[in-house]
Amino acid sequence: MKILLLLVALLAFSVVAHRLGRSRALAGASSVRDLHSLPGYYGLYAALWCALPALLLVLCWISLEPAVVERMTIEALPEESRELDDARLGLLVNDIKNLASGNIVSREVDPALQAAADHYSRLRRTAFMALVSIVALLACGGFFWAFRRISPRLAAIHRVERVVRGLLMLGSAIAILTTVGIVLSLLFESIRFFQRVPMSEFLFGLEWSPQTALRADQVGASGAFGAIPLLTGTLLVSALAMSVAAPVGLLSAIYMAEYASDRARKVLKPVLEILAGVPTVVYGFFAALTVAPAIRRFGESMGLDVASESALAAGAVMGVMIIPFVSSLSDDVITAVPRGLREASYGLGATQNETIRRVVFPAALPGIVGGLLLAVSRAIGETMIVVMAAGLAANLTINPLEAVTTVTVQIVTLLVGDQEFESAKTLSAFALGLLLFIVTLVLNVIALRVVRKYREQYD
Amino acid sequence: MTEPSATLRHPLLQTDAIAARMKKRYAAEKRFRLLCMLAIAAAVLFLILLFGDILRKGYTAFLQTEVRFDDLYFDPTLLDPLGTGSEESLRAGEYVALWRQPIKAQFQPEGRQARRQLYGLVSGGAEFELRDRVLADPSLVGQQMSVWLPASDDVDMLLKGHISRDLPEDERTVTDQQIAWIDQLASEGRIVRRFNTRFFTSGDSRDPEMAGILGAVIGSGLTLMVTLVLSFPIGVAAAIYLEELAPKNRWTDLIEVNINNLAAVPSIVFGLLGLAVFLNFFGLPRSAPLVGGMVLSLMTLPTIIIAARTAIKAVPPSIREAAYGLGASRLQVIQHHVLPLALPGILTGTIIGMAQALGETAPLLMIGMVAFIADLPSGPFDPATVLPVQIFLWSDIPERAFVERTSAAILVLLGFLISMNAFAVWLRRRTERRW
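Residue numbers (my numbering), protein chains in the order written: chain A, 2 to 460; chain B, 63 to 497.
Quick caveat, the hints were computed from the structure, so don't treat them as lab data. Warning: the hint list may mix true and false statements.
Stated by the list, open to error - Stretches of chain A that chain B covers, calculated by requiring three or more beta carbons in the stretch to come under 8 Å of a beta carbon on chain B:
1) 50-62
2) 158-172
3) 278-285
4) 375-387
5) 406-413
6) 437-447
Stated by the list, open to error - In silico lysine to aspartate or glutamate, EDC-like type, Cα no more than 16 Å apart, as pairs:
7) B/Lys86 to A/Glu355
8) B/Lys92 to A/Glu208
9) B/Lys166 to B/Asp132
10) B/Lys375 to B/Glu318
11) B/Lys92 to A/Glu301
12) B/Lys375 to B/Glu494
13) A/Lys3 to B/Asp444
14) A/Lys426 to A/Glu208
15) B/Lys222 to B/Asp199
16) B/Lys85 to A/Glu355
As the list claims (entries may be wrong) - Which chain A residues stay away from chain B? Per the calculated CB distances, all over 12 Å, these:
17) Ala10
18) Ala30
19) Lys98
20) Glu202
21) Met303
C-beta: ideal position from N, C-alpha, C; glycine also.
Produce the complete structure using the sequences and hints provided.
Pasting the structure below:
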């Protein structure tokens, strides 16, 4: 909150800097014509110099301050607390922070803890005061440096544009930063997981029951971290989803691209788009409360034993969710097939259906495959529907009437609610996340490449 | 479509074999066409089914059964134990007794169990509602007036027909005795379904009849605000750079591939990123709309960048060249000409991205926005939840009354989404321009 106030103050100061810079440029020249750039650029020049370095400092402070203050608090702790292992120390630090901010603390408040908390809040206050003074100094310094240099001959526009260009480039670099952030965060936690559980067990183990004991001598002290049941579950649900989405989506796309009149198209396309815009949590609710019981009742009337959270319910509903995705991608690809190919086929006496199946479809096939791959990657990464409708039991089965669990379901169950510090259980979620990321990334890269290559073919 | 024999004029070709084959081919054509239509029909049917089902389940939640208490006396000895009329004293008042006494006097229940059943007809939240009312207007103390209080969820469900009266007594949550009381109240006109304002004006609660979506709506609003503030400028900046300024080299190629890939990364992975980086590394508060907004903005960035690039690309080069010809600098051209012309397209893409962010659930589960929070959040640093997560939380509760609320919350969420998308479509139609 205090940071926001500081930023507002900085903004106000740079507005003042803008006015001052502008008027200095105008004062130095006998008329506007003597200026190298428009007067506003001199203002911007001063404002940028005033705000940017200070902003940079604030960013650094936000990212480093918590860690530094924590380190300093730990160093000021009594000897015996400092020698605790990482997990206990983490809990202690948490309590100190909670005490300092007036929250509930999980242990008896003794004088040492109170002292540490006081020390912590003192440190934070000092750090913030230091920040305010340095920011003020930087802002003033930057402003005066720029202000002194402002003269009618200064090429302010070039300097301002260089900065703006840099900022724009920074914006586009966020995409890379995000990817790097994803990879690094997943990788670090996964490496810590693989130090506890060997990678071979994770990749090839047939049993998943992520329980870790609190004490070493407890029964079942080591959980089982074999990802195979999760992978088969994920594949089963995705396969069910694709067996709904691929035919329906593809045939709808063919209808819209080849048969439908313009008016029908104008109505049908938005309808399918609505299907794509429905949040996944709504599909999950529908799957869990309407589709799953319906399938169960139907199965019982046929004498089948259906689990109340069956893979079929989740898969079928997920398939519906993906229909618009498949249909809009295939629609694009099918309409991109040149007219000439179709007309040549009609000219040889083929019916519309024969043309579609023998000419248009083969020509569009690479693009359609690319689209389907993207759809598969989406099915694999889909979370809410399976969380709500597919269940938690890690059964190694390919029977769609049984309950299965998927990679995404396990990530959610492992990370929602109370987490243990540094346990293999919590870390395994990141290993699963890494697996998920790699699988979907490979699928996406292949799919995007296929789609792009295909598009260029007819351009 | 004419008969096959009529299209083949040449007499030599009119053999039976050819006619039969033509017939088969046309039949196949018809079959295929029908199949395609069936596929579309299936998709549309499902959509109708989905909406119909949720509407059917949810519309009743907009009405709530309430019980009228006639001439309820706001007894000062109960409500103002200290006798000072101060807020402290009014807070300590016994509001439960306020409504329990008259209803007890009317029905004379015998024994503790009967009393508990009788009190079970009215929501456990009634006393807090009375307290809030008195705190807002202390002059009520000592007055006599009739008051509507929410009935408990079981009564509500019974009257809405979700609990069947035909079931044997031990299989339903309402006893025969309670049904008799309810019928008597109803015959006196004291049990009525009224518009459920609580659903729109209160936060989450364990009691279905007291639970509302306002907390989640505010949380969603705050989260979306953070998302918009972050992703709109960054997205537009990235699009401008890539479309107008960037040289064609490996670096920009890398960025392009990256953006396209990010658009297809599962949303839950963004949640893991938020958990590992924003919460564990930077130590930002858990469950806060600030962090939620940051995660969602990373997720919607690709959407906005792609839409903005398309819009910028659609601005014809002649406009840029005219501006250059008049001596404008590169950034002036962008600022004065390209951006204003591309803005409607960019806004459309942004609204669609925001709609996506509004419906997103999974990444927010990772950063702790699933906590039970009854208070209304007042800023981006407060713990909060969002509408889709609220739906997820409620859908997990076994009480029958929450099914209805969940569906109603879904209806509200869909209402928001549809109006956002409709606005985007309207904006696109209105500002569509052909060069």
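Taking the hints in turn, this is what the structure says about them:
1. Note: the stretch 50-62 of chain A has 0 residues with beta-carbon separation from chain B under 8 Å; the three-residue rule is not met and the coverage is violated.
2. Proximity of the stretch 158-172 of chain A to chain B, defined as three or more residues with a beta carbon under 8 Å from a beta carbon of that chain, is established by the 9 residues found.
3. Chain B is given as covering the stretch 278-285 of chain A, and this holds because 8 residues of the stretch bring a CB closer than 8 Å to a CB of that chain, at least three being needed.
4. Judged by the Cβ-Cβ criterion of 8 Å, the stretch 375-387 of chain A is covered by chain B as claimed, because 8 of its residues qualify and three suffice.
5. Given a C-beta distance limit of less than 8 Å, the hint that chain B covers the stretch 406-413 of chain A holds, as 3 residues qualify and 3 suffice.
6. Only residues whose C-beta sits within less than 8 Å of a C-beta in chain B count toward coverage, and the stretch 437-447 of chain A has 6 of them, enough to reach three; the restraint holds.
7. For the suggested pair B/Lys86 and A/Glu355, the alpha carbons sit about 12 Å apart, so the restraint of at most 16 Å is met.
8. A hinted pair counts as satisfied when its Cα atoms are at most 16 Å apart, and B/Lys92 with A/Glu208 does not qualify at roughly 51 Å.
9. Annotation: proposed proximity of B/Lys166 to B/Asp132 holds, straight-line Cα distance about 14 Å (limit 16 Å).
10. With a C-alpha separation of about 15 Å, the suggested pairing of B/Lys375 with B/Glu318 holds against the 16 Å cut-off.
11. Restraint check: the Cα-Cα separation between B/Lys92 and A/Glu301 comes to about 37 Å, which exceeds 16 Å; the hinted pair is violated.
12. About 14 Å separates the Cα atoms of B/Lys375 and B/Glu494, which keeps this hinted pair within 16 Å; it holds.
13. For the proposed pair A/Lys3 and B/Asp444, the alpha carbon gap of about 15 Å is at most 16 Å, so the pair holds.
14. A C-alpha spacing of about 14 Å is found between A/Lys426 and A/Glu208, which places the hinted pair at or below 16 Å, so the restraint holds.
15. Under the criterion of a C-alpha separation no larger than 16 Å, the hint pairing B/Lys222 with B/Asp199 is inconsistent with the structure, at around 33 Å.
16. Of the pairs offered as hints, the one joining B/Lys85 and A/Glu355 holds, with about 14 Å between alpha carbons and a cut-off of 16 Å not exceeded.
17. Every CB of chain B lies more than 12 Å from the CB of A/Ala10, the least distance being 18 Å, so the non-interface label holds.
18. No Cβ of chain B approaches the Cβ of A/Ala30 within 12 Å, the least distance being about 19 Å, so the stated non-interface status holds.
19. Consistency note on A/Lys98: stated as away from chain B, yet its beta-carbon is not over 12 Å from all of that chain's, at 9 Å minimum.
20. With 12 Å as the threshold on Cβ separation, the claim that A/Glu202 sits away from chain B holds: the shortest Cβ distance comes to roughly 22 Å.
21. The Cβ of A/Met303 lies farther than 12 Å from every Cβ of chain B, with a closest approach of about 21 Å, so its non-interface assignment holds.
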